[in-house]
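Undergrad: What follows is each chain in one-letter form.
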Amino acid sequence: MVEKVFVENIDRSQPFNYGIISYKIIADYVFADLAVSGALESVRILVDIEKPFFFIHAKIKIMEEKIRISDITTITLEKEGIHITIEDESYAPDLLQVLWKQFGRENVTQIDRWNLIVPSNLITIENLKQIVAVDPRDRITNKILDAMNRIIPEAFRVRKTSFKDDYITIIASENPLEPTWIQLAENALKIPPLRIPEEYLEKLKQTPKVSKKKIVPWKTHEFQESIK
Amino acid sequence: MSTESFVFEGGAHKHKLLVELIEDLGGWVVQKKILAQEATITFTIPNTADVPLLRERVLELRGALREQPLLGTEIGVIAPTIARHHLPHLLCDIAEYMRRLGAKTNMIGLARGVGQRIAQITTQEKKIIEEHDAAIFVLGNFEYCLKEYKWKLYKDITIPFVVTGGPPLESVPHAEYYIGNVGRLPYRFRRLEEIDKLQEIGNAVSQCIKKVRSFMAHDPPMIPSFAVKEEIERQVNEIKEVFSPSPIVPKIRGVRVKLPYSQFREKIANVRIGDYLLKEIADIKKSNFRDYILVQLLSQSQIHTK
Numbered sequence: 001m002v003e004k005v006f007v008e009n010i011d012r013s014q015p016f017n018y019g020i021i022s023y024k025i026i027a028d029y030v031f032a033d034l035a036v037s038g039a040l041e042s043v044r045i046l047v048d049i050e051k052p053f054f055f056i057h058a059k060i061k062i063m064e065e066k067i068r069i070s071d072i073t074t075i076t077l078e079k080e081g082i083h084i085t086i087e088d089e090s091y092a093p094d095l096l097q098v099l100w101k102q103f104g105r106e107n108v109t110q111i112d113r114w115n116l117i118v119p120s121n122l123i124t125i126e127n128l129k130q131i132v133a134v135d136p137r138d139r140i141t142n143k144i145l146d147a148m149n150r151i152i153p154e155a156f157r158v159r160k161t162s163f164k165d166d167y168i169t170i171i172a173s174e175n176p177l178e179p180t181w182i183q184l185a186e187n188a189l190k191i192p193p194l195r196i197p198e199e200y201l202e203k204l205k206q207t208p209k210v211s212k213k214k215i216v217p218w219k220t221h222e223f224q225e226s227i228k
Numbered sequence: 229m230s231t232e233s234f235v236f237e238g239g240a241h242k243h244k245l246l247v248e249l250i251e252d253l254g255g256w257v258v259q260k261k262i263l264a265q266e267a268t269i270t271f272t273i274p275n276t277a278d279v280p281l282l283r284e285r286v287l288e289l290r291g292a293l294r295e296q297p298l299l300g301t302e303i304g305v306i307a308p309t310i311a312r313h314h315l316p317h318l319l320c321d322i323a324e325y326m327r328r329l330g331a332k333t334n335m336i337g338l339a340r341g342v343g344q345r346i347a348q349i350t351t352q353e354k355k356i357i358e359e360h361d362a363a364i365f366v367l368g369n370f371e372y373c374l375k376e377y378k379w380k381l382y383k384d385i386t387i388p389f390v391v392t393g394g395p396p397l398e399s400v401p402h403a404e405y406y407i408g409n410v411g412r413l414p415y416r417f418r419r420l421e422e423i424d425k426l427q428e429i430g431n432a433v434s435q436c437i438k439k440v441r442s443f444m445a446h447d448p449p450m451i452p453s454f455a456v457k458e459e460i461e462r463q464v465n466e467i468k469e470v471f472s473p474s475p476i477v478p479k480i481r482g483v484r485v486k487l488p489y490s491q492f493r494e495k496i497a498n499v500r501i502g503d504y505l506l507k508e509i510a511d512i513k514k515s516n517f518r519d520y521i522l523v524q525l526l527s528q529s530q531i532h533t534k
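Line by line, the protein sequences are chains A and B. Numbers 1 to 228, taken from my numbering, label the letters of the first sequence in order. Numbers 229 to 534, taken from my numbering, label the letters of the second sequence in order.
With the rest of the complex left out, here is chain A (with noise of 0.2 Å):
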């Protein structure tokens, strides 16, 4: 399997510190437990904790189409205006903060749960059609984003974050940000990233392994007789 979470140091003449490896640790959970791996290419997070800040460099990589509103409703024109009729209710919420967002409220006539009346004076039916109603880019980097929430440890509350192409970045401090250190950061992310050799990962990992200790329950006799 591909590496695709590197935890760092910046100070890399102590590359494995027992916090760069259990953060790897939980980086690795986290990104398992949101099932946010997929849309992720790379993630790198630096850490400096004598400054101190977190920086997370992710990029994502969207596999899903966008889902526009001809994809899961049909649309009709009728005496009263046009009729749109909820074919996946799955997407219902969206689609409906879309046509709120476009037409206003008051445009907006909901006859059940799953058929709407939009006037067919504000647009005609094809371009309608067009129209995304689910962007799966936004819902991916809200998980992203949450993910990260859990990862940066919760003092570092002071917080930076942008977006830029297929980037997300967060620098976050307890201390307010200084330019410098992204600037160490952005030098640091130049350097090829380094991997925590698995020997270091495999005494915090919860795999299982032989033991030949053997255990005798304390509630079994010949327990108790063996301390008597």
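Hints are not guaranteed to be accurate.
Listed below are the simulated SDA-like cross-link pairs for lysine to any residue, each with C-alpha atoms no more than 20 Å apart in a straight line [stated by the list, open to error]:
hint	chain 1	residue 1	chain 2	residue 2
1	A	LYS61	A	SER162
2	A	LYS213	B	GLU421
3	A	LYS228	B	VAL286
Please keep in mind that the hints were generated in silico from the structure rather than gathered at the bench.
Knowing the structure of chain A, use the given hints to seat chain B on it.
TA: Frame of chain A, contents of chain B only:
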């Protein structure tokens, strides 16, 4: 002479033989639960020399005996905050293990315990922590934080405490006991070596408690807290209407009674124990926990001077 505490598990049949022996040895049955054919008896005996006698009786009954080094103590397990960064895995594991060793545990999240420069502890929090018999501070993963900043949280605590953290260090500043390899981790403890780690924490805490007890033995209170608990249960009927799992919490030096202080102070103060009233051999105070009553037993020299 030092007290020893145990839990017995075995058949309910003939369990009264054990209870009789405990009473003959001058001990107290703290809790007795009979579920169908199974009996679980938690008890304490005053003399270590009697333990072989006890073990023989337990083997006769085909039951099992386990030591409870922390029985009759209250231990606070403290995290920097109660956010999901620190809870639940590690804190719950530690608290549950202490419970298995006989202690009553309280999990405490500080308001602003996180971070380096911004980590702090308030006087109120300190008071609450110091009402326990011992404390366990569960801290994070970075060696730099532990060595430079985190000692602010526990430097002024007057009760014995154990600090746990991620990096395997020999010690951290201002702490007598430090257990490494127990930092912020995203999973529950299941493997054997992890359970051993919990046992290590348990051993450190029981050492703390032993020290407190041996220090107290020079000038002990007139009666142990279990006896006070028993008398309050017998004489204050309202305690039966309290729905908390343990309405009276026994501690090393005293008990906490979960009744409102304003209404029941007098009643608790006038509980009769032998020739004395409780207010003559103990201080009755308002607890830092809600509106509860804290009974702190005075040592014998203090009673004479009172």
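Undergrad: Compare the structure with each hint and give your call.
TA: How the hints compare with the structure:
1. LYS61/A with SER162/A: 17 Å, holds
2. LYS213/A with GLU421/B: 11 Å, holds
3. LYS228/A with VAL286/B: 10 Å, holds
Checked against the numbered hints listed earlier, the structure breaks none of them; every hint is satisfied.
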